[in-house]
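Chemist: Residue strings, one per chain:
Protein chains: 2
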Amino acid sequence: MNSSRFPIEIFSRGEYIAPDRTGYFHTNGIRIMKLYNGIEKLRFGTPEDGVPSRQMFVKPPRREAIEAMPQAANTPAPEAIRFTVTSRGCRLEIPLAPGEDIYGLGLNLKSLRHTGKKRTLRVNSDPATDTGDSHAPAPLYFSSAGYGVLIDTARYATFYCGGNELLDSGDDVPPDDPNRILLTEAELYAARKTSAPMVIDIPAAGGVDVYFFSGPTLLDAVRRYVLFCGGGAMPPEWGLGCWYRTCGTSDAAGVDAMSAELREKQIPCDVLGLEPGWQSKTYSCSFRWSQERFPEPEKLISKLRERGYHVNLWEHLFTHPTSPIYEDLKPYAGDFKVWKGLVPDLTLPPAAKIFADYHAKNFTSKGISSFKLDECDNSDFIASPWSFPECSQFPSGLDGETMHSMLGMLYMETITRASRQSGIRGYGSVRNAHAFAPPQPYVLYSDLYDHAEFIRGVTSCGFSGMLWTPELRHARSPEDYLRRLEAMVLSPQMLLNIWSMPHPPWRQLQQEKNIAGEFYPPEEQARLEEATRRILELRMQFIPYLYEAFAEYHDFGTPPFRALAMDYPDEPAMRGIDYAWMAGDRLLVVPFRAGMTELDMPLPPGEWFDFYTGECHRNHVMLRPAHDQLPILVRGAAVVPLAEPVLFVADKMKFHLKRKCFGINPRPAKLFADDGCSFAFENDSARYYGEVSAKGALPPQLCERYELID
Amino acid sequence: MNSSRFPIEIFSRGEYIAPDRTGYFHTNGIRIMKLYNGIEKLRFGTPEDGVPSRQMFVKPPRREAIEAMPQAANTPAPEAIRFTVTSRGCRLEIPLAPGEDIYGLGLNLKSLRHTGKKRTLRVNSDPATDTGDSHAPAPLYFSSAGYGVLIDTARYATFYCGGNELLDSGDDVPPDDPNRILLTEAELYAARKTSAPMVIDIPAAGGVDVYFFSGPTLLDAVRRYVLFCGGGAMPPEWGLGCWYRTCGTSDAAGVDAMSAELREKQIPCDVLGLEPGWQSKTYSCSFRWSQERFPEPEKLISKLRERGYHVNLWEHLFTHPTSPIYEDLKPYAGDFKVWKGLVPDLTLPPAAKIFADYHAKNFTSKGISSFKLDECDNSDFIASPWSFPECSQFPSGLDGETMHSMLGMLYMETITRASRQSGIRGYGSVRNAHAFAPPQPYVLYSDLYDHAEFIRGVTSCGFSGMLWTPELRHARSPEDYLRRLEAMVLSPQMLLNIWSMPHPPWRQLQQEKNIAGEFYPPEEQARLEEATRRILELRMQFIPYLYEAFAEYHDFGTPPFRALAMDYPDEPAMRGIDYAWMAGDRLLVVPFRAGMTELDMPLPPGEWFDFYTGECHRNHVMLRPAHDQLPILVRGAAVVPLAEPVLFVADKMKFHLKRKCFGINPRPAKLFADDGCSFAFENDSARYYGEVSAKGALPPQLCERYELID
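Read top to bottom, the protein sequences are chains H and S.
Residue numbers for the first sequence follow numbering that gives the first Met the number 0, beginning at 0 and rising by one.
Residue numbers for the second sequence follow numbering that gives the first Met the number 0, beginning at 0 and rising by one.
Among these hints, one or two may not hold up.
All copies of an identical chain are treated as equivalent in the list; a pair is satisfied when it fits inside any one copy or across any two copies.
[Said to hold, decoys possible] In silico SDA-like cross-links for lysine to any residue, where the CA-CA straight-line distance does not exceed 25 Å:
| id | residue 1 | residue 2 |
| --- | --- | --- |
| 1 | K339 | Y325 |
| 2 | K298 | I180 |
| 3 | K657 | P630 |
| 4 | K352 | L166 |
Everything labelled a hint here was simulated from the structure, so no lab data went into it.
Using the sequences plus the hints, can you model the full thing?
Modeler: Below you can see the structure in the form of structure tokens.
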């Protein structure tokens, strides 16, 4: 591979202290480069070319914010790391101390904590078991001891998280009871306590760069990683509103009618999504409007924009032979087809340019604000695999394995460039991500649907700077429906993905009956419609709060949605909680699932106030929410600013705020103000943070966008 | 790796026709060696050292039998094969013709037919999805077009079985209906018809040897493979009897009592298995008798042998520090522990010798006939992985990945050597196998338990010359119990694996109640006991028939248990049948599962006779068996020899035969006679085939072992 096709390895521009001529210190055969305050790069052997850090999706680190962080140097000692190269790849052994818990490795629906487990980072559309397979794996872990480690590889690496002892580790004769006979496989195969290291198995590579992120705390380590990647994503305000994906069979008239119905029913909605039927040909994609179903797309888009909607288009990047860009892309395509379409090699600037320019010219410049980037993961675990083989070859020299790891990242960056050409700060959906994901304004989703897994996804992916939506597609009962809606209120995206049903879900939740037009009795429809409206309005009330949390993500690297283990790694009871999360700096969300009637929720130290009643709890709280109520707790005495709900966020609109205050001497809340939709906020003079105190007026710099009405 | 440690690459001793000096023809950069009639070796690039064909478990091909087979040359043309090497390994593209169905790839519980699918051959104790993960994957496939292909690699290779089209394959604009919008994921991701080749992705290797097996028929191709591997396994007669594994908590008195109870109740049993508790220490294994539970093992073994039992011992090869062979093995161990034990590198002759000699001295020379070789697979898909990493290093130079693939084969061969030192023709249990499995006298098993999958296993593994037992461990109902027993009657092994319950299953099927001594009412116990006896007696009646089928396996390569697709690849209706199989040359078995009341079974061409009623069926048969009856059909007019059931097969005993005749002018049956237990049959003068006709006496050479009593 010709590495000059890639951006310069930007991390060699880091600030190193007293380096030798190569920019590296040498310790024990490892080359070490001090990049920034608390961030080091260790080079083992000779790394491959096709690694994540050399791709176009990598942004410059947010150096000033990193340098402003507390000093810390609590990563594992380089001299204790062992590195081996063989014909099948290379292996790292990084020591773990007793009691360390391991998090991260990308989106994980099956578990939050990886301690003692084996994880293989296979990109996979339908992970069936708790093995590391994921839509969005990432070679990146964080320890409860307060540091993070990024392995710069796009290989399907395996992480043995402290479960495998080395023969030379001593401790030969274990003190186990020699006489206990076990009668279940679960007992036989239960994990034993060990003194094992983290072992990382990287196929094919003869070496690898490893980035160490110091704390001192776990959250600090995550922040350092996010800032190193260029800071967190900054969605437009409308992206934090409510999303509705219309039925796959809808034509222009159907979309028009649905857009009118939502406004008429006063159901909040900022983004309408169109499914594959907008295109003349799918699977694979022509990227052309269907003349039959959408004969006048610009007219439809205008109408939707007039009604306050942003429009999102479904697509994947497998390009159908009838696509206008097929012939241009063909020289830059991988050697296997997917659904008869070509796979563009977006690591090559000409291919990315053809793809981005086409999208800019035909979509983002014509009123399309957002895209759903489907099927950029892989298909190991379904009956009919559809994606390209790991042994595919791409013109850049990348193979299918590395391409699968980075496909979502490349695709997001390409589409983001198209949006930016049209001045659109986008927010989209994507089904794959990897290392360096934080700055990309995309939310992960899945065709899977277990609600506990969907909730767990919010808790797991924050460690890797990824966003995930526990979207609603359908529900097996009204209770399930309400619980699934609620779980999104304080999540990255409030998405009603109703692609498989022509009518709104509150009329009928079951697909077949919905298609057949068999609706619930009118009073049940009205009840569900009203509950939907109230839950969506709750989301709309939180937009200023969430927007500020994203600004902190962008500027300071703090993930807006965090597992409790991230904020409280020293509390053993918090380390395994995969069913609740922190949203922003002061809200704890505990989504219920259908069938749950109560939960005795352990609480981190301090006072926690019930969001609805203001009741104060310590140590734990017994939750028994009604079916239409999301349990929310407020951390300590605090102000929570709530917006008057609107049906959609208009450009530069003014939010009307009420302050909800909890406890004695509540802490002020922060708000962030910019225009909410353009890239102007990248200029310091067009962005402001300000505080909302329990009493008194807003600071003047917030008044253009916010007004107190309490 | 020093290849001189391995047996000489025996296939270069093949008979080649007009070779150049290297023994190879050259075609298109591929080196081709004609080995035997219908067997060619193709060399692509530079193969690795640590491949299956170079290991000690490889036997000399049965050349004379291969040469006696029909001539055929119907394998894919070498010049149409494409081969590529990259840094991550190598890739083969082997053409497939339209309509070819693909079988093989080792034991597969999730599917019989691989056409269009992606299969990654990961060694795995708990395969959860239909992806090629298996206890016993094998890089070996057979086509319905009548040929087979063996890829000589121990890597976790991936086989894309015709589902992935190449970009340069033409056919750019598909004729699909461009307007059909689909509303389910199943439809969206359904397999499309393609003109795709078999694509094989071999990690790490820079080249590979490929063996082609011609037909003309699919069964012929399988036969050629089996003979190439040295012929099929030849179990002793007692191995084909009934097996009972005693409870894990049993001590010597418990085993003694169980052995007495089975005889007293007249339940046939040839082999009693002892679970981990026989050892002083497990997991990992000390390989020493527990002083506490088995203070006088030789006395117990004598008593069991006097009662006609063979004794089987459970073990795995992870060696505990307290084992007498631990220190001797330590220089030959891999660099990771498993359950605090070492992993011996059995590719190294000293390690194999230490292990085999110890077993010969302490076990096989002291009356132990058989072993259960547990956990030699791997543990990707369970909550607490226990085995060694794929990136492990072994002193021979092998890594963990290749060791996992070959661990079962190496282990079987090592134990077989110990048995052979003591003159014992063994038959054991094992949880991993790979290429070159056919001669190994071991039956695969699993901790999984879905009955449909257990039945499918019998149909799938025959293509790879493997044996599999749909063993009984427990049952959720008496119906489930009887159906599970029946499914084993005409399978490789009749195994009641009651390791988790202290009392026989007919007294109580549920583990907890069985442990607590809460039994069924006496009349239900009696009913289940009687049904058990009758089903086990049916097995005993088939021993001469099955023994002859194994002799044909050994001598001519015909698997004794075969999917209908193997015998009838040209019948489309037979190609997907994964719930019935041929046992021997004339019996078709259709095991029922709990909950099934009837089945309209499609039949291959010809007449098929109901084994019980003699009724003749063509094209199909409606089966409605009672809960205690296994549906069996007889192929064409034929004699089926049935033995008078015995409680166990004594050495050189005489079987009393009745002839069951079906149709007009029934074909004679074949029988095989030797001593049934030693290696004498390897000498032609100590073995005989003879025919049993519908009328008349037995040929004299059979009379020492068989007597007609009808």
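Chemist: Now, for every hint given, state plainly whether the structure supports it.
Modeler: Here is what the structure says about each hint:
1. K339 / Y325: Within. Shortest intra-copy distance 12 Å satisfies the 25 Å Cα cut-off; inter-copy 57 Å does not.
2. K298 / I180: Between. Shortest inter-copy distance 23 Å satisfies the 25 Å Cα cut-off; intra-copy 74 Å does not.
3. K657 / P630: Answer is within: at 20 Å inside a copy they meet the 25 Å cutoff, but 75 Å across does not.
4. K352 / L166: between (52 Å within a copy, 21 Å between copies)
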